[in-house]
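*Asks:* Residue-level listing of the chains:
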Amino acid sequence: EPEVTQTPSHQVTQMGQEVILRCVPISNHLYFYWYRQILGQKVEFLVSFYNNEISEKSEIFDDQFSVERPDGSNFTLKIRSTKLEDSAMYFCASRGGRGRHEQYFGPGTRLTVT
Amino acid sequence: AQTVTQSQPEMSVQEAETVTLSCTYDTSESDYYLFWYKQPPSRQMILVIRQEAYKQQNATENRFSVNFQKAAKSFSLKISDSQLGDAAMYFCAYRSLYNQGGKLIFGQGTELSVKP
Chain A
1 EPEVTQTPSH
11 QVTQMGQEVI
21 LRCVPISNHL
31 YFYWYRQILG
41 QKVEFLVSFY
51 NNEISEKSEI
61 FDDQFSVERP
71 DGSNFTLKIR
81 STKLEDSAMY
91 FCASRGGRGR
101 HEQYFGPGTR
111 LTVT
Chain B
1 AQTVTQSQPE
11 MSVQEAETVT
21 LSCTYDTSES
31 DYYLFWYKQP
41 PSRQMILVIR
51 QEAYKQQNAT
61 ENRFSVNFQK
71 AAKSFSLKIS
81 DSQLGDAAMY
91 FCAYRSLYNQ
101 GGKLIFGQGT
111 ELSVKP
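Line order of the protein sequences matches chains A and B. One point on numbering: in the numbering used here, the residue at position 32 of the first sequence is 32, and numbering is uninterrupted. One point on numbering: in the numbering used here, the residue at position 2 of the second sequence is 2, and numbering is uninterrupted.
Extracted from the complex, chain A is given alone in its bound form (with noise of 0.2 Å):
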């Protein structure tokens, strides 16, 4: 059964560096999405995209985040200059084509700056 894939699963960082988190995901799905999850709190939306573009993003996703699809398959989530409230879950997650509505989400990197 297809998957979502998300590397690394774990990121140690230094505030003000920089991370990139990277997804592969469904192949055949169209829409693209990045959440994050801090410890013991609810999933929040960060950003959306469809056909090479950004089609939402959240209050959080602001001039330190963006994201690309490079390629066909990889889908990815940089933070410029990481804060220690960046620490977190991030999950990746894939929806198909127009009429399908469940998104399937990758097994999350957890992003630790220190």
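The set of hints was computed from the structure by calculation and includes no laboratory data. It is possible that part of the hints are untrue.
Simulated pairs of lysine-lysine, BS3-like, Cα-Cα distance not exceeding 27 Å [said to hold, decoys possible]: (1) Lys78/B to Lys55/B; (2) Lys42/A to Lys57/A; (3) Lys42/A to Lys115/B; (4) Lys57/A to Lys73/B; (5) Lys115/B to Lys83/A; (6) Lys42/A to Lys78/B; (7) Lys57/A to Lys78/A; (8) Lys73/B to Lys42/A.
Got chain A sorted already, so can you dock chain B onto it with the hints?
*Replies:* Relative to the frame of chain A, chain B by itself:
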């Protein structure tokens, strides 16, 4: 803006028994989707069940079923014959059909423990 509320931070059930997790939501929209996701200790988000707002019939998936009350804006999850593997955090989520991006709005979650 839409909101999703899960008022039970923790629930407990005896193995083989039935448990119901509550979820309410607030929206002015008439068309939307509702989902329940399971998050075991591995923290992977696993889709459990979905419900289309235009369908009056409650969705079922094996031991999982929902009680969807559109007028009351309530969407509870019933787990029958609970198993040890059902122990997890459960999140209720809302998806607008008027939002092109299709983002999910999650509740705070309910931690379910299953006692042997």
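*Asks:* Could you run down the list of hints and mark each one as holding or not?
*Replies:* Structure-based check of each hint:
1. Lys78/B to Lys55/B: holds, 18 Å
2. Lys42/A to Lys57/A: holds, 17 Å
3. Lys42/A to Lys115/B: holds, 25 Å
4. Lys57/A to Lys73/B: holds, 26 Å
5. Lys115/B to Lys83/A: At roughly 40 Å apart (the allowed maximum being 27 Å), Lys83/A and Lys115/B break the hint.
6. Lys42/A to Lys78/B: holds, 21 Å
7. Lys57/A to Lys78/A: Status holds; Cα separation ~14 Å.
8. Lys73/B to Lys42/A: The hint holds at about 20 Å.
Violated hints amount to a single one, hint 5; each of the other numbered hints is respected by the structure.
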